[in-house]
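Undergrad: Below are the chains, spelled out letter by letter.
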Amino acid sequence: MGERLTGAVRRVFGGDGLQGLMIQVVAILIAFIVGAAVLAITGYSPLDAYVSMASGAFGSSYGVGQTLTQATPIVFTSIAFLIGLKAGLFNIGIEGQFLMGAMGATLAGIYLDGLPWVIHVPMTIMVGMIAGAFWALIPAVLKSRLGAHEVITTMMLSYVATHFTSYLVNYPFKAPGWVAQSVKISGSAELPRILPPTQLSAAIFVAVMITAASTYFLQKTIIGYELRATGLNPSAAENAGISIDRSILVSMALSGAVAGLGGACEIMGIHRRFIQGFSPGYGWDGLAVALVGGLNPVGSFFASVLFGALRNGGMIMTRATGVPLDIVNILQALVIMFVAAPKLIRALLRREQ
Amino acid sequence: MTSAIQMVGVTKAFPGVTANDHVDFSADKAEIHGLLGENGAGKSVLMSILYGLYKPDSGEILVNGEKADISGPSDAMRLGIGMVHQHFMLVPSLTVVENVILGMEPTVNGVLLNTERMLRDVADSCKRYKLDVDIEAPIYQLSVGVQQRVEILKALYRGADVLILDEPTSVLTPGETEELFNAVRELKADGKTVIFISHKLREVLAICDRITVLKRGKVVGTVLAWETSEGQLAEMMVGREIVYEFTKKAECGLEPVLTLESLECLSDRGIPAIRGLNLDLCGSEILGVAGVEGNGQTELVEAVMGLRDLTGGTVKLDGQDITGTPPRARIQMGVSHIPEDRYKRAIVPDFSVLQNLILGSQRDRFTRNGVSIDFAEASQFSTNMINDYQIATPGPETLIRYLSGGNQQRVVVAREFSRDPKVVIAAQPTRGLDVGATEYVRRKLVEMRDGGAGVLLISADLDEIWALSDRVAVIYEGRIVAVKDVDETDQQEIGLLMAGGGIG
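Heads up: the protein sequence lines correspond to chains V and U, in order.
At position 179 of the first sequence the residue is numbered 179 (this note's numbering), and the sequence of numbers has no breaks.
At position 6 of the second sequence the residue is numbered 6 (this note's numbering), and the sequence of numbers has no breaks.
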């Protein structure tokens with residue numbers, strides 16, 4: 001035990017190892033305890049609320065399917081955010097890269113028509129990833145060439161993406177009718193639903209794969225190692241012959257590609273067309289979820305499931321007990337507060353040094 | 001007569017080390033009391049306790065015969081105890097006066113700054129203690145020696161009767177040291193107590209009345225300066241004769257491995273830092289670069305490593321022009337670097353020992369397919385390095401931040417030397433290390449030289465340069481002003497050159 005176990009845990013869960021995992025779990029428990037107090041004060045039974053939320057989220061195969069459906073896009077956006085953060089970059093424009101990926105995949109899904117699905121699906125995914133990576137490379141180039149701070153540029157470009165994609169589905173690619181949306185993508189570009197009647201699609205497998213792949217990438221590959229060295233101490237990384245500019249470009253491109261992949265999967269698996277405003281802010285959720293997950297891919301996956309369960313279980317709870325859905329927002333906020341605030345502060349402090 | 005300061009049975013332990021072990025220490029009014037010991041002997045800890053920065057585990061402190069409870073620097077200041085740290089705590093953009101009064105500003109009606117009184121008070125202190133300072137100049141324009149005087153003024157302005165000077169001469173030229181000594185004598189004449197922390201025998205003997213020697217956290221003894229000698233103090237300090245003299249090679253006689261020609265580059269602030277520097281480093285030699293800090297040493301090292309863009313000149317390795325090549329190319333061609341700032345340049349504190357050991361070779365030695373890191377090889381390598389370089393760590397997976405400074409430096413040295421370099425750039429390689437680690441790093445540098453590497457040793461410590469170097473170069477304001485064989489010069493001459501003297 002000892003060194004070997006903590007070493008193993010650290011490899012999966014990042015630098016803090018077991019202790020880091022404990023922090024997350026304890027923080028989430030505290031959030032639920034405080035949430036129970038809020039429920040009790042407002043005159044609801046915390047026990048009834050939590051039981052109905054849990055059974056709604058996990059009590060049936062339908063519940064599990066919907067929970068995972070809600071979790072899937074956040075898995076991508078949270079991992080996208082943490083890949084940037086590992087290299088010391090606050091890519092807070094995940095939402096924009098997610099939307100650009102979704103738009104790229106939509107167009108590829110519509111216009112690369114006539115291909116067999118074994119080719120069409122991967123190509124659609126590729127186009128989505130490239131679109132996301134392209135959108136993230138703009139701030140990366142601005143940073144490495146001109147020193148423009150990525151917090152400003154990624155956020156601004158995120159709004160540009162929101163309005164740009166919404167323009168596209170309102171004018172050039174608008175489907176006939178009153179709704180601002182594109183036409184449906186070709187059937188050969190769809191990801192199959194795997195648990196009808198839930199919306200759960202094969203995108204969940206892609207999410208699992210990206211979790212494993214990004215863990216491997218960060219822990220085992222040369223570029224992952226170099227990105228982390230750059231994020232933790234750019235001066236020492238530079239001294240060791242690692243190009244800081246290259247690290248910025250690579251990590252932003254990968255971050256954007258994963259966000260774009262998330263957008264592509266959401267279109268290909270759930271909506272099958274780009275509908276204006278289809279994302280309730282998955283990209284923004286990703287930032288918080290990555291921090292709740294302890295800034296590592298596996299943690300992000302489970303934190304995404306937790307957030308998916310809160311969303312899905314919350315709706316069931318509201319129907320069953322009459323507790324307002326707002327409690328879900330309160331719980332999410334509490335979890336983020338207890339987990340992410342010290343994390344975020346620590347990350348920010350490290351950057352300042 | 002009661003002592004100004006009396007510390008009785010003070011003990012302070014940190015995890016794994018007892019920094020102070022039942023230390024008794026006292027200093028009288030109008031006394032200059034030296035506190036002598038090797039790095040890590042517990043001098044700074046003892047004085048940090050007196051200044052309230054650390055809380056002792058046991059023991060008590062008497063100020064003017066009365067028991068004092070010092071739980072922070074503000075308590076210490078109220079009791080008339082001031083401290084000048086090795087690293088100055090001044091605001092660079094503020095003027096001398098503004099720095100001195102900071103936190104104790106005299107006001108008109110409690111709202112406006114009383115500028116007139118500020119200027120008058122500070123000017124008075126300068127005159128009284130013969131501290132020559134332009135009090136309206138901003139700090140960043142002042143030399144290190146003058147900044148130190150500002151720190152002393154600051155302490156005096158806060159009513160210090162006891163002034164602790166922590167290794168005050170380590171950043172000074174010989175001339176500046178003499179001025180500091182004059183100021184310290186003025187303070188004594190005014191009835192102040194000065195506690196002078198140092199590990200330099202000569203200086204302590206020159207300025208102090210009494211000297212207390214610490215060794216591994218314990219008091220070896222207190223002696224009167226006029227009754228003792230360098231030899232006696234050295235023996236008390238180390239317990240045995242430490243020989244830092246390594247056999248030196250007379251001449252290199254080989255082609256230079258590193259040639260710097262008319263090198264020019266800017267500092268971070270955009271002003272010329274290296275201004276037409278020429279230097280040849282031969283294989284199988286240690287070339288010491290002596291100089292007061294801030295004369296272009298940092299920029300020189302960065303220029304050689306490819307970390308800083310040149311504005312002119314060329315860098316040649318083995319006769320091959322490597323000007324403009326990126327750091328990675330230089331590392332591969334055999335340039336190793338022990339950076340002066342370990343935490344900033346040398347290690348990634350949140351990486352494990354293993355991850356730090358492979359840093360820089362991750363694309364060469366520690367990969368087989370060019371994509372992923374060969375952790376089996378890395379693990380074997382770090383086990384070997386931990387053994388060979390006697391790195392005290394619980395294991396290769398331990399984060400390096402949890403290691404002592406000496407062991408972190410061993411990791412850096414192991415990593416850099418395992419690449420079998422042609423040129424080693426060693427910047428302040430033993431700064432902050434204890435005796436054992438210092439000796440170890442120095443021995444390794446000599447081994448590298450004997451193996452044929454050229455070692456460029458940049459150090460502010462003349463004793464270190466003397467102990468290791470075959471030749472010594474003096475850097476002053478971005479130029480090499482002299483290169484001498486160590487046997488043909490002495491520390492006085494080099495000291496003068498370091499201060500800009502003797503340039504015809």
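I should point out that these hints are in silico values taken from the structure, not numbers from a laboratory.
Please note that a few of the clues may not be correct.
To be verified - Pair by pair, the computed Cβ-Cβ distance ranges are:
no.: 1; chain 1: U; residue 1: V91; chain 2: V; residue 2: Y216; range: 46 to 56 Å
no.: 2; chain 1: U; residue 1: K316; chain 2: V; residue 2: R246; range: 18 to 28 Å
no.: 3; chain 1: V; residue 1: A212; chain 2: U; residue 2: A329; range: 49 to 59 Å
To be verified - Computed footprint of chain V on chain U; a stretch qualifies when at least three of its residues, placed anywhere within it, have a C-beta under 8 Å from a C-beta of chain V:
no.: 4; stretch: 44-57
no.: 5; stretch: 102-108
Virtual Cβ for every residue (Gly too), placed ideally from N, Cα, C.
Undergrad: Hints first: check each against the structure and report whether it holds.
TA: Comparing the hints with the structure gives:
no. : hint                        : result
1   : U:V91 x V:Y216: 46 to 56 Å  : holds, 48 Å
2   : U:K316 x V:R246: 18 to 28 Å : holds, 27 Å
3   : V:A212 x U:A329: 49 to 59 Å : violated, 35 Å
4   : 44-57                       : violated (count 0)
5   : 102-108                     : violated (count 0)
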